[in-house]
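Visitor: Chains as they are written, first to last, in this note's numbering: chain A, 1 to 115; chain B, 1001 to 1113.
If you're looking for bench data, these hints aren't it; they were derived computationally from the structure.
Accuracy of the hints is not assured; some may be wrong.
[Claimed, not checked] Once the Cα atoms are required to be at most 27 Å apart in a straight line, the calculated DSS-like pairs of lysine-lysine come out as:
| # | chain 1 | residue 1 | chain 2 | residue 2 |
| --- | --- | --- | --- | --- |
| 1 | B | LYS1057 | A | LYS49 |
| 2 | B | LYS1095 | A | LYS49 |
| 3 | B | LYS1095 | A | LYS58 |
Spelled out, the chains give:
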Amino acid sequence: AQSVTQLDSQVPVFEEAPVELRCNYSSSVSVYLFWYVQYPNQGLQLLLKYLSGSTLVKGINGFEAEFNKSQTSFHLRKPSVHISDTAEYFCAVSDQPSGTYKYIFGTGTRLKVLA
Amino acid sequence: NAGVTQTPKFQVLKTGQSMTLQCAQDMNHNSMYWYRQDPGMGLRLIYYSASEGTTDKGEVPNGYNVSRLNKREFSLRLESAAPSQTSVYFCASVKALSTDTQYFGPGTRLTVL
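Full structure from sequences and hints, please.
Guide: Put into structure tokens, the structure is as follows:
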């Protein structure tokens, strides 16, 4: 079964500093990868996704992620964060290879941007 | 276009009571999902419906039942609530394939005393 690991449960960073949120997945077959953001007391919304093609994926709000097949990673980055980026971020993988329509989520990383 | 809507937003139950969480989407999506979110555990899939007329168990189905009433609506029922079911519940929908974006509702915060 596929799994997603987000090693960092919390990441504090100062405003205008760069940030990287780490995500590793386990799969020996092709995968589709997603990053979602959850602002306080809201549902999740898509930041970006990797399906195929270029390994560098750009998303909304200045975020980008790089797919690395050899390292089975899909880390999320932003060169300069804002206070408004304070939220919880979830990495997810779709279970397409098994023929189902399931998505597996990581445990989330809480990003706190400090003034 | 309201997207994915969930009712109620908040609910407090006593142990043993039953309730149904409602979810509806107006995007003509085929697949719908129920997740629960607990601190430090991320989102865990309870049940999903790949298409109208089908439902399947997810990672944590025990204590829950679902009904895909039609293409728009997917309800989650707790027959006899337990304190371990205290959580935030999210409904989501996807147009068709697992490459598509999931759209999430605003969540239902459930407390079981």
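Visitor: It remains to establish, for every hint, whether it holds in the given structure.
Guide: Here is how each hint holds up against the structure:
For the hint linking LYS1057 (chain B) to LYS49 (chain A), the alpha-carbon distance of about 25 Å falls within 27 Å, and the restraint holds. For the given pair, LYS1095 (chain B) sits about 15 Å from LYS49 (chain A) by alpha-carbon distance, which is consistent with the 27 Å threshold. With a CA separation close to 22 Å, the supplied pair LYS1095 (chain B) and LYS58 (chain A) stays within the 27 Å bound.
Hint violations for this structure: none, all hints satisfied.
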